[in-house]
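Novice: Here is what each chain is made of, one letter per residue.
2 protein chains.
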Amino acid sequence: MRLSQTFAKTSKTLAGEGDSLNYQLLTRGAFVDQLMAGVYTYLPLGLRVLRKIENIVREEMDRLGAEEILMPMLHPKEPWVKTGGWDSIDVLFKIKSRTGNDYALGQSEEEVVSPLVLSRAQSYKQYPVKVYQIHWKFRDELRAKSGIMRGREFYMKDMYSFHTNQEDFDAFYKEAKEAYLRVFDRLGLVAKVTEASGGAFSEKVSYEFEVLTDAGEDVIYYCDDCDFCVEDEIAKVKPGDECPRCGKGKLKEAKSAEVGNVFDLGQKYGKAFDLGFVDDKDQKQYPIVGCYGIGISRVMGVLVEKYADEKGIAWPESVAPAQVHIVRLGNQDEVVEAADKLYSELRDAGVEALYDDRDESAGAKFADADLIGVPVRLAVSRRTLEEGSAEWKRRNEEESSLVKLGDVLKKLT
Amino acid sequence: MRLSQTFAKTSKTLAGEGDSLNYQLLTRGAFVDQLMAGVYTYLPLGLRVLRKIENIVREEMDRLGAEEILMPMLHPKEPWVKTGGWDSIDVLFKIKSRTGNDYALGQSEEEVVSPLVLSRAQSYKQYPVKVYQIHWKFRDELRAKSGIMRGREFYMKDMYSFHTNQEDFDAFYKEAKEAYLRVFDRLGLVAKVTEASGGAFSEKVSYEFEVLTDAGEDVIYYCDDCDFCVEDEIAKVKPGDECPRCGKGKLKEAKSAEVGNVFDLGQKYGKAFDLGFVDDKDQKQYPIVGCYGIGISRVMGVLVEKYADEKGIAWPESVAPAQVHIVRLGNQDEVVEAADKLYSELRDAGVEALYDDRDESAGAKFADADLIGVPVRLAVSRRTLEEGSAEWKRRNEEESSLVKLGDVLKKLT
Numbered sequence: 000m001r002l003s004q005t006f007a008k009t010s011k012t013l014a015g016e017g018d019s020l021n022y023q024l025l026t027r028g029a030f031v032d033q034l035m036a037g038v039y040t041y042l043p044l045g046l047r048v049l050r051k052i053e054n055i056v057r058e059e060m061d062r063l064g065a066e067e068i069l070m071p072m073l074h075p076k077e078p079w080v081k082t083g084g085w086d087s088i089d090v091l092f093k094i095k096s097r098t099g100n101d102y103a104l105g106q107s108e109e110e111v112v113s114p115l116v117l118s119r120a121q122s123y124k125q126y127p128v129k130v131y132q133i134h135w136k137f138r139d140e141l142r143a144k145s146g147i148m149r150g151r152e153f154y155m156k157d158m159y160s161f162h163t164n165q166e167d168f169d170a171f172y173k174e175a176k177e178a179y180l181r182v183f184d185r186l187g188l189v190a191k192v193t194e195a196s197g198g199a200f201s202e203k204v205s206y207e208f209e210v211l212t213d214a215g216e217d218v219i220y221y222c223d224d225c226d227f228c229v230e231d232e233i234a235k236v237k238p239g240d241e242c243p244r245c246g247k248g249k250l251k252e253a254k255s256a257e258v259g260n261v262f263d264l265g266q267k268y269g270k271a272f273d274l275g276f277v278d279d280k281d282q283k284q285y286p287i288v289g290c291y292g293i294g295i296s297r298v299m300g301v302l303v304e305k306y307a308d309e310k311g312i313a314w315p316e317s318v319a320p321a322q323v324h325i326v327r328l329g330n331q332d333e334v335v336e337a338a339d340k341l342y343s344e345l346r347d348a349g350v351e352a353l354y355d356d357r358d359e360s361a362g363a364k365f366a367d368a369d370l371i372g373v374p375v376r377l378a379v380s381r382r383t384l385e386e387g388s389a390e391w392k393r394r395n396e397e398e399s400s401l402v403k404l405g406d407v408l409k410k411l412t
Numbered sequence: 000m001r002l003s004q005t006f007a008k009t010s011k012t013l014a015g016e017g018d019s020l021n022y023q024l025l026t027r028g029a030f031v032d033q034l035m036a037g038v039y040t041y042l043p044l045g046l047r048v049l050r051k052i053e054n055i056v057r058e059e060m061d062r063l064g065a066e067e068i069l070m071p072m073l074h075p076k077e078p079w080v081k082t083g084g085w086d087s088i089d090v091l092f093k094i095k096s097r098t099g100n101d102y103a104l105g106q107s108e109e110e111v112v113s114p115l116v117l118s119r120a121q122s123y124k125q126y127p128v129k130v131y132q133i134h135w136k137f138r139d140e141l142r143a144k145s146g147i148m149r150g151r152e153f154y155m156k157d158m159y160s161f162h163t164n165q166e167d168f169d170a171f172y173k174e175a176k177e178a179y180l181r182v183f184d185r186l187g188l189v190a191k192v193t194e195a196s197g198g199a200f201s202e203k204v205s206y207e208f209e210v211l212t213d214a215g216e217d218v219i220y221y222c223d224d225c226d227f228c229v230e231d232e233i234a235k236v237k238p239g240d241e242c243p244r245c246g247k248g249k250l251k252e253a254k255s256a257e258v259g260n261v262f263d264l265g266q267k268y269g270k271a272f273d274l275g276f277v278d279d280k281d282q283k284q285y286p287i288v289g290c291y292g293i294g295i296s297r298v299m300g301v302l303v304e305k306y307a308d309e310k311g312i313a314w315p316e317s318v319a320p321a322q323v324h325i326v327r328l329g330n331q332d333e334v335v336e337a338a339d340k341l342y343s344e345l346r347d348a349g350v351e352a353l354y355d356d357r358d359e360s361a362g363a364k365f366a367d368a369d370l371i372g373v374p375v376r377l378a379v380s381r382r383t384l385e386e387g388s389a390e391w392k393r394r395n396e397e398e399s400s401l402v403k404l405g406d407v408l409k410k411l412t
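Quick mapping for you: the protein sequence lines, in order, are chains G and Z. So for the first sequence, numbering that gives the first Met the number 0 puts the first residue at 0; every next one is plus one. So for the second sequence, numbering that gives the first Met the number 0 puts the first residue at 0; every next one is plus one.
Think of the hints as simulated: they come from the structure by calculation, not from any bench. Mixed in with the good hints, there may be bad ones.
Intra- or inter-copy, both count: the list cannot distinguish identical chains.
What the hints assert, rightly or not - Straight-line Cα separation of at most 25 Å, DMTMM-like style, residue types lysine to aspartate or glutamate; simulated pairs: (1) K283 x E166; (2) K8 x D279; (3) K237 x D18; (4) K124 x D339; (5) K8 x D61; (6) K124 x E336; (7) K93 x D231; (8) K136 x E344; (9) K410 x E177; (10) K176 x E397; (11) K340 x D61; (12) K93 x E77; (13) K340 x E316; (14) K254 x E174; (15) K235 x E66; (16) K280 x E359; (17) K251 x E77; (18) K254 x E216; (19) K409 x E67; (20) K51 x E67; (21) K76 x D308; (22) K237 x E174; (23) K8 x D281; (24) K251 x E396; (25) K124 x D281; (26) K144 x D356; (27) K11 x D281; (28) K51 x D347; (29) K76 x D101; (30) K410 x D231.
Next up, chain G with everything else stripped away, as it sits in the complex (with noise of 0.2 Å):
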């Protein structure tokens, strides 16, 4: 992608004062564009950045066995009339349309895929049944703040698995607690395993993956010594306290933001639609239902907000928009040669490059370089050319050094 030819260029007047710096960094960055508070267009590098995670998630749905599908936003009224949602659910968007019918936007799919799976797994020979879905989730918040970590419109990876007893649901439940871990992993995120409250999905405890930040709404008590994790709002212990599990470290408070999520809501939603399955004995019975959260849109605020310095974004190199970002001094026509040159080979050879090949000075360039935040930025220039290469430099490194043009490939890769 040549920075000359993009519409979405970084900018310091786009970003107005205020909200978060997960908003600052991408909106001066030409990541995203805000349209109102909590709802954002997603500009050509956001978007490269968020199919990244989203592909991460995938792969790790995928291991495990889910089929993707993709369900309605629009739904009708009378699923969540029966399962309470329509009056309880403060957030739920409510449609009237002119052909007289009430409508909900989905900030959830229980109501959706529960008839959907039930409707078809009437067996228990069937079971488990394992789906999810990357897609957007609308939610009618009062407060939209904290840039693109609290949305009114936001992408979410939404999984529902679908049991005939509880120790089969326990065991998928603990593989799929694992495979978040392995997700947040590659995504360079540190998640704590957070007890949490079932909230108005489930009147048991459930699991939240929480990302130490300030920018974070949560709050969580955690033993610096094992993995102990709960939220403040269930917690029958305090900070200073000894660890309850480990019974050796001491319990820590600290700001947090909830990055996924799993869910058992039991038996709840099979009742609530009368669907469910016939057992080896003939007997109907209801299915166990476990629900699992990723904010896909979420996680990459809070990528900014970790992975932030007073420079700007500083993406690991699993969700990057480029691999690397070429920059081009001087427009001398050696240099511009040289750059196009590069520029063309690495993209040959399948490597994701941003080139910035406008003319503005070194320092607006570099200072470019450092709010997008690609892991490897590459300058040439004509001194660096006398020898042959481009500086090479990582975004999280201060040291640079020169690199021949014909080895910058095999650096890369």
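Starting from the structure of chain G, add chain Z where the hints point.
Specialist: Positioned in the frame of chain G, the structure of chain Z alone reads:
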């Protein structure tokens, strides 16, 4: 994908009566599940087809040099008031939020893309700008029938181009029309470029890409000798007339489905938002804007209508949910072993394969293969294994032949 393991199995009972052929076949074949009229879940096989159509469209838009972005579906009221759409567009879904704000659900994105681009492209030097997205849209239809061909929620590619002058616009408009014909050709569709009304978007003539099918809702008059084609609503000719373009052919009447359109929007949107660019004489100008749609989910429905026979769907190779459909006949050890091996070998070689490993009759399995409509069916039975072979049959041919197991991959690729 093993058919024994998917929850989304073919079904004769889940499809209700009535509606269209694409609804019946896509439902019976477990490609989609209707949540309500005009709103569908895409099941694993349906999602594969949708993604293939989407990727062909994406490749051709990228080739045009357009930048991919993703705009919100939830819109504030204000831009819709500025363009007049809030009161004049009857299919616009409107939402009253609990915060008192009014929102619209996007049914097209001129109201979002115009301020987005024009706030950034303020100098003539930044033009032309070409952006597109592939995203879901909503229409408050009075009646949603015709299966996935007319959705209340539907998947579209919409591109927008911004130009400093009519000549530049005209040149790109022509390029875009050619790209559209390439898209439809790759999708296996013959689309007629049809003069049509600009509708709510433009006072100028627009072009619709129409595919002849009795399942369509449009009526066109086309020349049987040249490429002249006009929508009945704006036609100054009638069926049986001599063709006004070539003077040789006769005009025929046909029902057709619109799969794409291109609009010259003129300066309407720049003026509505009072946003423009500064030209090379330092004068403020409004850009010429074009809008270019392709209905991704509708194309999927049209493909079914065009490529179905009495047995089911027959997908073109470019969009088929898999390249090959392996049918295991019998459950003797050697048959299971050989079919399993064939499936793994093809998968390892990157071939997309469905594998019918269920314990069903040969008749039921062959009927499902015809219903699902993968281009090549490969049956493995004790009889074919006696010849070291599988039975090879194309969906659109009557004859079958034996192919040595070791030659299958070569024959497929």
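Novice: For each hint given before, does the structure comply? Return the numbers of the non-compliant ones in rising order.
Specialist: 3, 7, 8, 9, 10, 14, 15, 17, 19, 21, 22, 24, 26 and 30
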